[in-house]
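For the sequence shown, our numbering begins at 266 and goes up steadily by one.
Just so you know, the hints here were simulated from the structure itself, not pulled from any lab data. Even for Gly, the Cβ is constructed at its ideal location relative to N, Cα and C. Take the hints with a grain of salt, since some may be wrong.
Unchecked claim - Straight-line Cα separation of at most 20 Å, EDC-like style, residue types lysine to aspartate or glutamate; simulated pairs:
id, residue 1, residue 2
1, K461, D450
2, K267, E369
3, K481, D326
4, K459, D478
5, K267, E319
6, K509, E391
7, K370, D309
8, K394, E369
9, K308, E467
10, K481, E391
11, K506, D327
12, K370, D327
13, K394, D327
14, K509, D327
15, K267, D326
16, K308, E319
17, K489, E467
18, K370, E391
19, K394, E336
20, K267, D309
21, K267, E391
22, K479, D346
23, K394, D346
24, K459, D346
25, K370, D324
26, K394, E332
27, K267, D450
28, K359, D346
As the list claims (entries may be wrong) - If you anchor each label on the Cβ, the simulated ranges turn out as follows:
id, residue 1, residue 2, range
29, K479, Q428, 15 to 21 Å
30, E336, P501, 21 to 27 Å
31, K267, N302, 38 to 44 Å
32, E336, A360, 34 to 40 Å
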Amino acid sequence: MKKVLVLGATSAIAQATVRLLAARGAALYLVGRNAANLDAVAKDASTRGASQVEQQALDLDDFSAHEALVERATQVLGGLDGALLAHGVLGDQKACERSWAEAEKVLRTNFLSAASLLTVLANRFEAQKAGTLVVISSVAGDRGRQSNYVYGTSKGALSVFLQGLRNRLARSQVAVVTVKPGFVDTPMTAHLPKNKLFASPEQVARGLLRAADKRKNEVYVPGKWALIMFIIRSIPEGLFKRMKL
């Protein structure tokens, strides 16, 4: 990917990925909600060797702005051959259980916003018969668990959407890469106790780019999560209901 739109560019994983892309000399169009943080990421990318860095502060929950965003990024960079969707919220499961309004916020940002952006990007990449869409989903979407099922639902829906999109775009030579991290040590998980299962944003970024380079369909990062989630998906429902996961 040489001309890349990065959505949610101020997230920890996106920042780590931007640093790697910048070192490759990529041209970058960075989008995030916080203008000050976005400016810092852009300046860092320029210092690290990006051939071009543009930025736009935008709340990606504003679906009406998506078409214009992609059009502007394409024009400013002189084309697009890659996009990374890295925006998202963890939410508060207990708050989501008490209030549909809280649950809807998680679903809107993690799934509906991503689906809207992917629809715009997919149509553009399909028309040019080239491009790579890299989307950060989560292992949480592999099976609903009482501790985070609203977040898990948003990511599970996103993963299914990406499966269908990948099937649709295969004939157009467009890669759709689903990235499923496990626990990642980021500000979003700062409140969670850390253990050996946690990866760094840099680990995820390296795995993400390897998958994008190889145009993989779906990748767990770190790879051990493929086995962990296989085991979790294999637990019979009767037993699973008695477990506190």
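Right, here's what the structure says about each hint:
no. : hint                    : result
1   : K461 x D450             : holds (11 Å)
2   : K267 x E369             : violated (35 Å)
3   : K481 x D326             : violated (28 Å)
4   : K459 x D478             : violated (30 Å)
5   : K267 x E319             : holds (14 Å)
6   : K509 x E391             : violated (43 Å)
7   : K370 x D309             : violated (31 Å)
8   : K394 x E369             : violated (35 Å)
9   : K308 x E467             : holds (19 Å)
10  : K481 x E391             : holds (18 Å)
11  : K506 x D327             : violated (37 Å)
12  : K370 x D327             : holds (12 Å)
13  : K394 x D327             : violated (28 Å)
14  : K509 x D327             : violated (36 Å)
15  : K267 x D326             : violated (26 Å)
16  : K308 x E319             : holds (10 Å)
17  : K489 x E467             : holds (16 Å)
18  : K370 x E391             : violated (30 Å)
19  : K394 x E336             : holds (17 Å)
20  : K267 x D309             : holds (18 Å)
21  : K267 x E391             : holds (18 Å)
22  : K479 x D346             : holds (15 Å)
23  : K394 x D346             : holds (10 Å)
24  : K459 x D346             : violated (37 Å)
25  : K370 x D324             : holds (13 Å)
26  : K394 x E332             : holds (19 Å)
27  : K267 x D450             : violated (28 Å)
28  : K359 x D346             : violated (40 Å)
29  : K479 x Q428: 15 to 21 Å : holds (18 Å)
30  : E336 x P501: 21 to 27 Å : violated (50 Å)
31  : K267 x N302: 38 to 44 Å : violated (25 Å)
32  : E336 x A360: 34 to 40 Å : holds (36 Å)
The structure fails hints 2, 3, 4, 6, 7, 8, 11, 13, 14, 15, 18, 24, 27, 28, 30, 31 (numbered hints given earlier, in ascending order).
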